[in-house]
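Each chain, letter by letter, is given below.
2 protein chains.
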Amino acid sequence: MQITQWNIISEGLDQQRRYSRDALFTIGNGYFGIRGFFEEDDQGIGALGGLYMAGIFGKGEVDVVSGPSRELCNIPQVLRLRIILDGEKVALDHIQDFSQELNLQNGVYTRKYVWTSKTSARFALVFERFARMDQVQEIWQRLTVVALDSSATLKVQSLMDSNVTNLNWASKEPWPIQPGRDHIASRTLRDNQMQIQLDDADDTVLCIAQKVKAYSGYEAVTSSPYTGDRECGSVFETTLAVNAPFVLEKAVHVYAPRMDARQEQAQAAFLDAATTYDEAFEKHASCWLKRWNTADIQLLAPERDQGALRYNLFELMAVSPQHTERVSIGARGLSGEMYEGCVFWDNEIFQLPFFYWSDPKSAHRMLRFRYHTLPAAIERAKELWFKGALYPWQVSEKGKEQTIVEGGAYYAIHITADIAFAIRQYVELSQDADFLQNGAFEILVQTARFWVSRCDADPADGKYHIRSVRGPNEYDVYVDDSAYTNYLAAYNLRSVAWAWGILKQRDAEQSQRLADSLGLISKEAELMQEIANNLVIPATEDGMLILEDNRYRERRPLDLTKIDTGGKRLIDSVMPYEALPLYQITKQADVVLLMNLFPHNFTDQQKKTAYEYYEPRTAHDSSLSYSPHGLMAARLGLMTEAYDYFEKSVLLDVEDRQMNTVSGIHYANFGGTWQIVFYGFMGISVNGDTLCISPRLPKQWQGFSTKFYFRGAVFQIQYRNGELSTELICGDGKYMVMLEDEKFILSNEKPKAIVKKSL
Amino acid sequence: MQITQWNIISEGLDQQRRYSRDALFTIGNGYFGIRGFFEEDDQGIGALGGLYMAGIFGKGEVDVVSGPSRELCNIPQVLRLRIILDGEKVALDHIQDFSQELNLQNGVYTRKYVWTSKTSARFALVFERFARMDQVQEIWQRLTVVALDSSATLKVQSLMDSNVTNLNWASKEPWPIQPGRDHIASRTLRDNQMQIQLDDADDTVLCIAQKVKAYSGYEAVTSSPYTGDRECGSVFETTLAVNAPFVLEKAVHVYAPRMDARQEQAQAAFLDAATTYDEAFEKHASCWLKRWNTADIQLLAPERDQGALRYNLFELMAVSPQHTERVSIGARGLSGEMYEGCVFWDNEIFQLPFFYWSDPKSAHRMLRFRYHTLPAAIERAKELWFKGALYPWQVSEKGKEQTIVEGGAYYAIHITADIAFAIRQYVELSQDADFLQNGAFEILVQTARFWVSRCDADPADGKYHIRSVRGPNEYDVYVDDSAYTNYLAAYNLRSVAWAWGILKQRDAEQSQRLADSLGLISKEAELMQEIANNLVIPATEDGMLILEDNRYRERRPLDLTKIDTGGKRLIDSVMPYEALPLYQITKQADVVLLMNLFPHNFTDQQKKTAYEYYEPRTAHDSSLSYSPHGLMAARLGLMTEAYDYFEKSVLLDVEDRQMNTVSGIHYANFGGTWQIVFYGFMGISVNGDTLCISPRLPKQWQGFSTKFYFRGAVFQIQYRNGELSTELICGDGKYMVMLEDEKFILSNEKPKAIVKKSL
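Residue numbers (my numbering), protein chains in the order written: chain P, 1 to 759; chain S, 1 to 759.
Derived from the structure by calculation, the hints contain no laboratory data.
Model, not experiment: these values are computed from the prediction.
Treat the hints with caution; some may be incorrect.
Which copy is meant is left open, because identical chains are indistinguishable; a pair holds if it fits in one copy or across any two.
As the list claims (entries may be wrong) - As a list, the in silico DSSO-like pairs of lysine-lysine whose alpha-carbon atoms are at most 27 Å apart:
hint, residue 1, residue 2
1, Lys752, Lys568
2, Lys382, Lys568
3, Lys400, Lys568
Please model the entire structure based on the sequences and the hints provided.
In structure tokens form, the structure reads like this:
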């Protein structure tokens, strides 16, 4: 893998890693996710493509808690190409100089190779595509064919191919992938239009249309319409002269009337418009440039670190929905079928922070998704005999529990507090009090009510307890008094009063109406406070070590350094599943993660104690583990460890380090990578009203520069040659900034920028 | 359902309950289990039959802990009959006077009806069959056809039909049943012989042969051999005169060379022999009579109670293996596919007690099964990083864990102590010290070693704890310090010293060699004792209430009397699965069961307290719950409650009270029914060396009479008109007997019998 400042390049065709690279080279625009599949390969698993749309689910394979399951649906392979040169079909044998390249700046995925025919004639082929960012219902594709040795006849079928299934039965490993369920219940084809109906409970329909043009040596090539078996499109036939490129440009428009009926007109307009590939690309690319403006982190660092970091951020931006508040980012986004395409807690805890700082509107949209699914969370709490709102562990766009019955994952109720935490984080960073009035307060109250109903008062110790929960360490079915869960639940309970304070100040009357509509009275609010103050947080007697749960220390120690897992996960190698609850084994960051979320609430000594205690007990059997450890290590000044974790995190998918990239790339880890860099190496945090910046770079790095949002303003910080500077790019207020140990106030009037020699 | 002294009779054909009746009318001989299917129905699910053989498993559907799963295999329907009268096939429409009858005394299942042809001619048909008890590889069948109105031509195909699958996909409810897996990998057919190869890992082969004769009006009818599509056999054609019965007699012999190669000669001899149906029946029936001798309990009670009780005992005897030590009784025996035909703890705790007292040799054979699977249990402990032997929760004849990965049932490690408990019970009752020397001691030592490695010493309280286990109350994934588990584990640990005492006295040298071979030294034995004495048994401070686990009382109370489950199980109706661990809900007898096992170790006050505390908290969501409650109620003198539970238990399958009889009848419940009667109503127990008899009859009963084994002797006790008598039928020793509150010694020399006016 070659990593440059703005490109991820893979040279040579490695059949073994082909489908893993398909996932790696996923592009998208939050509406579509398009794996890096080969358009011209219509044989076997490769022919299935890998094209997903946000919120488009089919009938699932497994029974789940709430009833019939759903799984992200692989839609038709709408970029199908069949290329016939001198009567011979271009296939993947007899190719040379194969390369795949992802341009991170503009999201164009390019594939090239030279193909040799049976008569030894060579042809250069280039495949390009992008998911248009300014018109998200569109995918654009360009094919260029050049005869290198002699002229030839060329026939190109440019199709939409509905002869696909999902890529996997259920979402389970192990690999390689196997054809999965056929979700297409019925189809109507007519030349360049296709309508399919899915097998989901809503009978979702997708309306697909394409327009294709082609030129040979800059002369237009006419096409004939084509409707075949489950596929349709246009067919071009021409003669290629040597070195006179044949160029085919195609655009596809897809919409689901169930999601957005207005798109019917949009599709008609799309078909009418005379937009060229270059015109569409220009608009698309400028959209991407704008997004990079407050997202990019320029490093003075090895090119690999720079390019790989940008890859992580690129994929987050490529999957975040711009067009709707009705979906959010799944664990594997729109890049694969693992976890049925569903959304989990990592959306709030791992992915959203990047958006708070780089694109608050996206963060807002994704939190609004939780507001739209609040009724489902209220319903879920009721089903389980609790009050308020319990957000399900795993949800599709409908917000209903999609966890399988047997897994026990539904004990991981901390997700409810994670969502409340994210809401408060977002509001504190954006100062978006409107959101508090319009949805967020309702979520905070309903989730707090859940915790009131979920905890138990114990007369023996006068404390409140939360029993039988699964914390971030998923290696217990459940524990009592998970420190992470209880701490976040207490924060959730306290956030009602916090939000109420803001709302009252904003508009006393309006906020009282809101409270009344929720039936919130002061007695209930007081109980929330009382419980928050008395929820047990297990710790050693001196308070120095926060305990993962109330019996973690009673378990048997296990020296992970003496265990050889042969490169596999602990749980997939030597560790018997049934013995897990007897040992001090942490699957992934738990207490360490808690302390990352509240960096100013724990002393450095507490953090150090926790890191040193849990790190050797942590199996890192999840992609959610490296980055929190990297962040904590950076905050503790353990720069060698921090950089080591950064490498593991930033290259996780680029180098397929967990050997499961094939099933989709790891969005939580992308967000975690950003957190190591932004919170850890750049040392950015917020303490009360103050923006704190205190960089600690690994020795491999010399500096950085970045822009970000804070309280509606845009800041830029730069660090190089031991000099740290901060500038207010735009923003109307006064902003307290702490550069390392010195406090400043920035505003439009007073100094807009500070430069400081770093420690 | 009509229940007489010795018959279960169902009149009329109820299509809705047909497959549930199939299970109810299961007959068997421990080698075969044969559901009450209709031989002449070759349409749909009915055509699949339902015929199982002990230890014959096919490839299963679900992944299990130990790898690929196995499931009890439905073997070919070897009793297939096609009956054509005047060219019209006898089918299940147009029938009258339909009845099914099971003779409990001799295990013959009879089905009768009158069939009317399209030309309105009536024919009486009788189908009889039995699984021969003195030659367990044989099944016998008899068909009688009588023309009632006019003569007719008759054609009968008497076949073995391999066109079957299992009756269900996996073993899951809900019903109705659906065709399951086809386990037959290949077949060779030749007239009256069939060889099939199964799809299991051993490529098990079944060799099946039949011989058939027929008479019409006492004249032999000749047959032609027949080999069809997946079926073969003999075809008879004749003319029926009015009222001149056509009688067809058939015998089938089946063996699996993998299980018993010597049966090849036996099958040849079977085919040569001229045995008639009546001759075979006579030998078979006398075998049954002998078994009833020490098993039957004659009641002075309503006929329903008598017949239903006998049904429970009949099915236990009909499933217990007489021919081998290599299998034991599965939860649904050989009557259905639920639980994949596997053996669980209920074998030892619910079913074996009946055999200790009625047929100690059967009990011995089934405990030897646990000895043969000891290596698998040792392997299992090792896999899970423990020492000694951990008996898997669910096993086929191979003794390997068959629990599904997700279920968590493997936390129910009490099964290991249950097996040790059963061994000690059996040895104490039978005085079979030979078994201790030959296998049982090894089991006791290895299981005790498991507990040593499984428990944790806590320096804080100086006690030992067993963490993360599932007790008999399966409504927790796991708890810490389950009273049931810890008490039985302690007993298991103590039983090593107990057994050692007996062995040393029996033969000091031989026993030392055994200990040496096991590497057992006194230091280890002392540690076992030390742990046994310090294992925590959770209880209230005054010791009055034994607590199910260490936090049962901290959970939320739930008033079951206020919950309407609409006749369903709590868990299948209103109770959310995820909330279970937060509530005081007991799925089935737990502490109550513990006290039943050690009736002399708890005070009456402790038992009463436990019964009154747990009974209202018990959902009875298992067929293992009524009978322990019935027994405890009887011991506490709560005769109304006891009789109520007895009714629920004795009629569970007869009246299909849990609506799941279709998936197989409930053998643990059969054993539990016997325990209510034997231990509860008849008041039999053993205290040290003394046989205690202290009847407490429900008011519906006036008396009883029964014979049973005790320490190698046979006793008879009778109770009627308030007079209790005990007689030593045969036995060489001196036996201490306590009749209610008075002690006697019975022997051959001194009084052999005592009669006592009861309290």
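Hints, one by one, checked against the model:
When the C-alpha separation of Lys752 and Lys568 is checked against a cutoff of 27 Å, the pair qualifies neither within a copy, at 52 Å, nor between copies, at 71 Å. In this assembly of identical chains, Lys382 and Lys568 lie within 27 Å of each other by CA distance solely across copies; the values are 21 Å between and 41 Å within a copy. In this homomeric assembly, Lys400 and Lys568 come within 27 Å of each other (Cα to Cα) only across copies, at 25 Å, whereas the closest approach inside a single copy is 33 Å.
Checked against the numbered hints above, the structure breaks only hint 1 and satisfies the rest.
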